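Peer 1: What follows is the residue order along each chain.
Protein chains: 2
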Amino acid sequence: MAHRHPDPADPTAGSTVPAEVLADYLRAQATEFLRALRLHRESGGTGNGARKSADAAHALRRSARRISGSLHTFRPLLEESWAEELRPELAWLSGTLAREHAHRACLERLLRALHRLSPRPADSGDADRDGLTVGAAKAAALLDRRLSLARSRAHSTALRALDSSRFHAMADKVAVLAGDVPLAPTAAAADLTPLAAAAEERLRAAVAALPLVTAGSPYNAEGLVHGLSPDPSPHPQDTPWHQVRLLLRLHRYAREVVHGPDASADPRLLTAGRALDRHRDASKAAAAAAAAARTPRIAPATAYALGVLHADQRHEVEAARFAFQQAWQKQTVDAD
Amino acid sequence: MAHRHPDPADPTAGSTVPAEVLADYLRAQATEFLRALRLHRESGGTGNGARKSADAAHALRRSARRISGSLHTFRPLLEESWAEELRPELAWLSGTLAREHAHRACLERLLRALHRLSPRPADSGDADRDGLTVGAAKAAALLDRRLSLARSRAHSTALRALDSSRFHAMADKVAVLAGDVPLAPTAAAADLTPLAAAAEERLRAAVAALPLVTAGSPYNAEGLVHGLSPDPSPHPQDTPWHQVRLLLRLHRYAREVVHGPDASADPRLLTAGRALDRHRDASKAAAAAAAAARTPRIAPATAYALGVLHADQRHEVEAARFAFQQAWQKQTVDAD
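Those protein sequence lines, which keep their order, are chains A and B. Numbering-wise, full-length UniProt numbering puts 22 at position 22 of the first sequence, and it's gapless, one number per residue. Numbering-wise, full-length UniProt numbering puts 18 at position 18 of the second sequence, and it's gapless, one number per residue.
Treat the hints as calculated values from the structure; they're not laboratory data. Model, not experiment: these values are computed from the prediction. Warning: the hint list may mix true and false statements.
To be verified - DEER-style ranges, computed between Cβ atoms:
#, chain 1, residue 1, chain 2, residue 2, range
1, A, 209, B, 50, 41 to 51 Å
2, A, 38, B, 291, 53 to 63 Å
3, A, 208, B, 291, 43 to 53 Å
4, B, 160, A, 116, 43 to 53 Å
What the hints assert, rightly or not - Where chain A lies over chain B, by a calculated footprint (3+ residues, C-beta under 8 Å):
#, region
5, 133-146
6, 219-227
7, 300-314
Unchecked claim - For lysine-lysine, the following DSSO-like pairs were computed, each having C-alpha atoms within a straight-line distance of at most 27 Å:
#, chain 1, residue 1, chain 2, residue 2
8, A, 138, B, 138
9, B, 52, B, 173
10, A, 330, B, 330
11, A, 173, A, 52
C-beta: ideal position from N, C-alpha, C; glycine also.
Please model the entire structure based on the sequences and the hints provided.
Peer 2: Written out as structure tokens, the structure is:
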């Protein structure tokens, strides 16, 4: 049964949203999860099936994230031990499935950057015989080797996970959810609105703690600070931005639950979210370039190209923060 | 004898500026040149004298550029063959003197950037024993070696130039200029204003040809396009910006002649000019990092640090273009 969603454009309308709206949402996402799982099993994973398999994995992650996020935001309305058991399992699955995709996307991003940074063939003459352009080609080959290996390991891990008893136990739980959502005894009289508002408040507080004044001043050179740090892992300065990315997602899902699927497609939220996705991707790609540069016995030209690439991606990090600041500012101004 | 300058804030006032104003200006700059030359000879060039010698060289370049620029802008008012003989000699001198300073400034800029990009000692623990931070240190040592050598060569060349018969012939001409400026026969009835306006128009036309829309959109990634080009020389995309820098200087000097020394200190022109100086400096520093990376048998960690440094300086190039666009736009808006 479908329950009515209040209009997101009119916050005074339907200010009480019953727990049944959450139950509808969880049922729908669980059904979507089971459909994606069936598609994934049918796809086989080779040839044309590889594409279908990737699409199905994407759909699985999508619904797993939404179920998990809703269990978190609306925790007081759900049967406690059940929600606390299911959530980490969903996080484990979507994390496992995400890894293969992330390695592929990272490699694509870095190869695209290497092409962007290299002179066009028309400009370079026979420059492809030159040290530094050979450097770019060698860097591409090294990154391809490293990230393809990581991706194929992640693929095997994902396949093993989907065949594990751990996964089957989780899928059984989701199947139950598709029929009957275990609500807390108090849920009948509850209202979703304050819980969704609390998710939004957590997001706003985290955004308020970001260095948005710096981020809004272009070319502030913050992205590359410590660019020559010996630690190739993502910079600690990125962490609060990654955290905001997760909180923005939880806020979007909460809106989806309370106001219906269109609320999550709010272009301002999508723009801000895309900026944070780009921030995360560039941060990881910069770290991958730095890690590749530590491969023993690489040629200086390869290392040079990886250095340029690392700095380029750290500037992408900075550019993404600027884009987020612009989107967020616009959102705040529009909302006032 | 001092002639009155029209008020730069009131373009309708004193719209005719006689050639004698130019003669006064050239006499003053020639006197300044001779004073700087005397200081340079007295400084000796070692110990405390090294600082005085550098200051004197700076003052020599300063007046040589102003005389040369004025000979160019107000050419029709000057005795033709005399001006055409003196100008290339002044350009030769200021170019020769500038080189030593440029190598020193380039090294300082790159070392500053390496420090900015390295983790602070408090953050790094014993990281200075690590590959990449060693890389930054090795890159610093390599750049120091290369640019100090280039600087000391430029220093010897400058000393030889100041002792050459070519220089003495030029200094004699400047000494004549300090007493009597050879004006063209038609100069008595001439007006400086249209010639100064033509210099401004050449600047405006060159600025109009710059990709200012792109430059005004932050993080456009234009600075690093072809960042992995095998050619370590400054990028061809920088050339029109360098050209605008020279035209802006000629415009400033022409304003100085027509409106007096304060006109050249217009903060908007100074801001725009400083952005173009930064553009030139970062462009040269990026090229120096790329050239150093081609040193045979360097360690991969050194090459990596030089790659990061190159990209950092190319982003400085992009940032400087943005700063120029902002200053120029402000100038245009304010002037309307």
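Peer 1: Are the hints correct? Go through all of them and say.
Peer 2: Here is what the structure says about each hint:
no.	hint	verdict
1	209(A) / 50(B): 41 to 51 Å	50 Å, holds
2	38(A) / 291(B): 53 to 63 Å	60 Å, holds
3	208(A) / 291(B): 43 to 53 Å	46 Å, holds
4	160(B) / 116(A): 43 to 53 Å	45 Å, holds
5	133-146	holds (count 3)
6	219-227	holds (count 6)
7	300-314	holds (count 13)
8	138(A) / 138(B)	23 Å, holds
9	52(B) / 173(B)	25 Å, holds
10	330(A) / 330(B)	23 Å, holds
11	173(A) / 52(A)	25 Å, holds
Taken one by one, the earlier hints all hold for this structure without exception.
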